[in-house]
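The lines below spell out each chain.
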Amino acid sequence: METQIQLACEEIAGKSDARIVRFKGDLDATNVDFVTEQITNYFGDGLVKIIADFKQLRYVNSTGLGVLLHFNKSAKEKGGCFKIVNLNENVYEIIEIIGAASLLDIYDELSEAIAALD
Amino acid sequence: MELTFPYTISVRLPSDLEIIPSIRKFVSEVLQVSGFSAKFAFRSEIIVDAICNNAITYGSEGGAESEVEASCVIYEDRMEIVVKDSGGTLTNIERLKDAVRRSRLGLPLSDYGPSGMGLEIVKLLSETIELNVDENNVTSIHVVRKREEVSQAS
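So the sequence lines, in the order shown, correspond to chains A and B. Residue numbering for the first sequence follows this note's numbering, starting at 1 and increasing by one per position. Residue numbering for the second sequence follows this note's numbering, starting at 1 and increasing by one per position.
Just so you know, the hints here were simulated from the structure itself, not pulled from any lab data. Glycine is no exception: its CB is placed at the ideal position from the N, C-alpha and C atoms. Wrong hints could be hidden among the right ones.
[Stated by the list, open to error] Restraint-style ranges between C-beta atoms, simulated for each label pair:
hint, chain 1, residue 1, chain 2, residue 2, range
1, B, V11, A, K15, 44 to 52 Å
2, B, S37, A, G99, 17 to 25 Å
3, A, E11, B, T91, 44 to 52 Å
4, B, V33, A, Q38, 50 to 58 Å
5, A, G14, B, I9, 47 to 55 Å
6, B, V73, A, S111, 42 to 50 Å
7, B, R95, A, Q38, 28 to 36 Å
8, B, V144, A, D33, 27 to 35 Å
9, A, C9, B, S37, 31 to 39 Å
10, B, T91, A, D118, 42 to 50 Å
11, B, T89, A, Q56, 36 to 44 Å
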């Protein structure tokens, strides 16, 4: 079955160790391995500062939430960060309900997240 | 179309995670057609996803021949979901019992791996969750989620 998620990676001017990764679709158990592999590869390539743009991410299940926490922890262990921007209201509320909002670096705007990379 | 509550949707799923997105989206659409809010439907989608995922991953030891039965009963004021697997190992059943009994998010979030939070989130999003295990180690999970305005008023 076709994966329900697409990731697109973009460089950030003047930030050689950072990338914007745009998520499109649903993040769940059927594609979490694919997403983990992609993000882990970025970390392995020295791209330890990731801004995950969730503008087109409709849905995240419990497996996906666990993986986001894992990315956040792994990035920090490597001296980087995993920032999330443009969360939709439904996904944000689930993150809040489980008490993860304070654990994740969440920003309203992409420009704020980029500015916070410094 | 005039809907008469309650009504039931029942499906038998192959033991394959790939089927879950179609099921959860279908339930979400049915709920919205039935007058439940988009937020209720979204949260119900997460519940359906988590308990089907759990049944397929831990409760279907028979490989390709295994099946999971999912029933969703939609009332005017609530939704009830029952997901029954085809029998898990004793270890997995004990883990399931422990997960249902444990207090809500009893562990720090950092202690949960990618696959450990499902039932915890179900507990946070629902009014009740019950687990039944029969003599053949077939487990069924029954979850009740009330419509927001009913839930807030009670």
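So, going through the hints one by one against the coordinates:
no., hint, in the structure
1, B:V11 x A:K15: 44 to 52 Å, "48 Å, holds"
2, B:S37 x A:G99: 17 to 25 Å, "23 Å, holds"
3, A:E11 x B:T91: 44 to 52 Å, "47 Å, holds"
4, B:V33 x A:Q38: 50 to 58 Å, "36 Å, violated"
5, A:G14 x B:I9: 47 to 55 Å, "53 Å, holds"
6, B:V73 x A:S111: 42 to 50 Å, "47 Å, holds"
7, B:R95 x A:Q38: 28 to 36 Å, "30 Å, holds"
8, B:V144 x A:D33: 27 to 35 Å, "32 Å, holds"
9, A:C9 x B:S37: 31 to 39 Å, "35 Å, holds"
10, B:T91 x A:D118: 42 to 50 Å, "49 Å, holds"
11, B:T89 x A:Q56: 36 to 44 Å, "39 Å, holds"
Checked against the numbered hints listed earlier, the structure breaks hint 4 alone; every other hint is satisfied.
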